[in-house]
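Spelled out from the first residue to the last, the chains are:
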Amino acid sequence: MNTVIRKLIAKELHVNRLLVGIGVVAGIGSTVVAAFGPVGFNIGALTWLSTIIGMGVILSLYGIMNERKEHALEFVMSLPLSVAGYVRAKMIGLVLCFFITWSVSVAAALVLVFAKDSVPDGIAPYLLLLSVFMLANFGVVLGGTMLARNEGTTTAIVIITNMGVTLFMFIVAPMRGIREFMWATAPVWNSTFWAVLGCELAVLVISLTLPLLIVARRRDFL
Amino acid sequence: MTDKHIEMHGVRKSYRFFTLDDLSLDLAPGEVMGFVGPNGAGKSTTLRLAMGLVAPDAGEIRVLGQPMPAASAIAKREVGYVSADMHLLPNATLGWHMDFVKSIYPGWDAGYAAALVKRFNLRPGQNARSLSLGERIKAVLLLTLARRPRLLVLDEPTTGLDPVARHEVITEFMDVLHDDSRSILFSSHNTVDVERISDRITFIDRGRLVESSNKEDFLDRWRRIQLQLPEGAALPALPDLVSRNQDGRFVTLVTDQFSDGFAALLAPHVREVQRMSLEEIFVANVMRHREVRGS
Chain E
26 MNTVIRKLIA KELHVNRLLV GIGVVAGIGS TVVAAFGPVG FNIGALTWLS
76 TIIGMGVILS LYGIMNERKE HALEFVMSLP LSVAGYVRAK MIGLVLCFFI
126 TWSVSVAAAL VLVFAKDSVP DGIAPYLLLL SVFMLANFGV VLGGTMLARN
176 EGTTTAIVII TNMGVTLFMF IVAPMRGIRE FMWATAPVWN STFWAVLGCE
226 LAVLVISLTL PLLIVARRRD FL
Chain C
98 MTDKHIEMHG VRKSYRFFTL DDLSLDLAPG EVMGFVGPNG AGKSTTLRLA
148 MGLVAPDAGE IRVLGQPMPA ASAIAKREVG YVSADMHLLP NATLGWHMDF
198 VKSIYPGWDA GYAAALVKRF NLRPGQNARS LSLGERIKAV LLLTLARRPR
248 LLVLDEPTTG LDPVARHEVI TEFMDVLHDD SRSILFSSHN TVDVERISDR
298 ITFIDRGRLV ESSNKEDFLD RWRRIQLQLP EGAALPALPD LVSRNQDGRF
348 VTLVTDQFSD GFAALLAPHV REVQRMSLEE IFVANVMRHR EVRGS
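Protein chains in written order, with our numbering: chain E, 26 to 247; chain C, 98 to 392.
Just so you know, these hints were derived from the structure itself, not from any lab.
Hints are not guaranteed to be accurate.
[Claimed, not checked] Mimicking EDC-like on lysine to aspartate or glutamate, the simulated pairs with C-alpha atoms at most 16 Å apart in a straight line are:
#1 101/C - 128/C
#2 32/E - 196/C
#3 94/E - 176/E
#4 312/C - 377/C
#5 215/C - 232/C
#6 94/E - 182/C
For reference, chain C alone in the conformation it holds in the complex:
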């Protein structure tokens, strides 16, 4: 019996024009994994596989120790799933939805639900059909968070939200993290949101996992280095270069293995060493991955 909240090994899922291939990842209790990829990278497919909404063609998936999709009904008792596309039942009010979900989940936290209604400025009497985009996402989140799930699977939950609504939603996620036994798998192409709440980040592109690592590790390892070479000088052979752009004597290098030793190799020529944002790391990583795969 494993204590991982999500385990995927060698998962493959093929569609006519897209294949998610050889995906392996795991999520430990208390961990927040930001799942980052461009549009069409396979983020939603991965999350739907985790929720048992689609079955893999190959590989193994376990969520909270349960095999998916075979035991999805059992696993989903303790999983909260939210996607940006998700709508409530159009002919019912938010209040009805709250009563409905409460009647299914014994762990429903009525006090927390009431607090979220207030914090998100929602009206329980409002019909689901008349909710704006922001209200709809907040309503779905309310219905999910008040169940107090052990695992939250969030498929681009902040897409389309204005900055204030995004702040409110992200703050609630951070609140969830006060409890070490809960975990979040959070997909997005908004790296700012991911960087804010994740402690582990996984990049995916064109159906393949590019890299998965600790957030701090990513931010520590990746650097952009600007050099000015003397006239006629050549760069020494450098390991672990992700990219290199040269314009006359000015060179810009990107490395994913920055260290003091690396800097020492270039010391006399270095003009500036810059930390990279998660977005820059993501783009550089994806571009390298595509180059390596020859596409």
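For reference, chain E alone in the conformation it holds in the complex:
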């Protein structure tokens, strides 16, 4: 990885530092709120979900679409950088920004699950699957925004991926291998868990790789 790409990755962390900080505080805060009774749990869980989803959408729209719209992309592309280098730096930088909020929020939620007696430890695999789904969801939004040439397409991607979270809950939660062990006293890492996780990771890898293959080969970048 050359110096310019490294500097651009650091640039993403710098320009998004406030947003990432807010995300980390909101992720931990919502988990704390979730520890206080059923009402607190509902409010905390909803805030936790919204924080992770919102972070992904804001990072993609702000980091890619706005840079294009506000003509800051021309400044970045005036640097000694190829289109492929730009795409790589942007994807890595924004994934890192998201990953900070995501990993802290998920870690806080897992601590809540294992530390709180009223929450069964068996829910941990489902929580992890939901978390990785949101990571993959971010990958789709990020990759889609990078590939999209207009705001309409990006908006459609955001709406569809947001609906995806609800669909995930409807489809994965009732799965036999998940539902049956959700209330268990210890987590069960069965084949259903690994199969769903595998699918999520595949989506993540594809969504993050496609822009590198497609955008980097476009003949007109600006």
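Chain C: place on chain E using the hints.
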């Protein structure tokens, strides 16, 4: 291996409603080329092609000896590109941008950057989002000039600037020219700015190169000649006429091949021979070009 800073041969780039066709031009070290054309003529497209930001459909482009866009990352180490539309990153200060660019370019001239901050009356602590148009363009120029690039590619850098800011910016360009190894490709539709700093001028219109020549050559060759013909007299056959307007006995001719011989042909009838400004030459040239192309 060529020593030209920019070489374009037979470049073609098609969009849905616009085609840049058969463009060939070159820029030698130490040269300043003013690239002049009306809005939508293809100036920005040409400059983006030179920067490797868009790929040509046909033809060959080399910048500082590097093929574009394939080796754009290498070429851009020594190229400074500024466009009037260019904005800095909105969530960072000018000072942060200076540190950022400095960390990428080993040749960053901190002393010159500090001098430009002062000369342009900029504040490093100011957030990029709060810069006015003039400040923004000056900030981008500062970040570009302090890299000490061998080649400057400037896409209408003075557009929208007030006369004082334009003067400050043009003065900095002229400063760059003290170094013979540097060159500038400078697009504009402001012919006054172009005339001030360019030593070569290229006219472009509707995606086609109209003419490219030395500035002095343009100014020497082009003349507007006013004649008063005697009653019933006709004009002799004249070569190299760009335009001819007649109102009774009064005739106004424009030529792009003025010489003593040309003047001698008309001598008894000449009332006045006027030098033409670059803007007048540009307009006359473009209009002739459109006529020849039948549009």
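**Asked** Are there hints from earlier that the structure breaks, and if so, what are their numbers?
**Response** none
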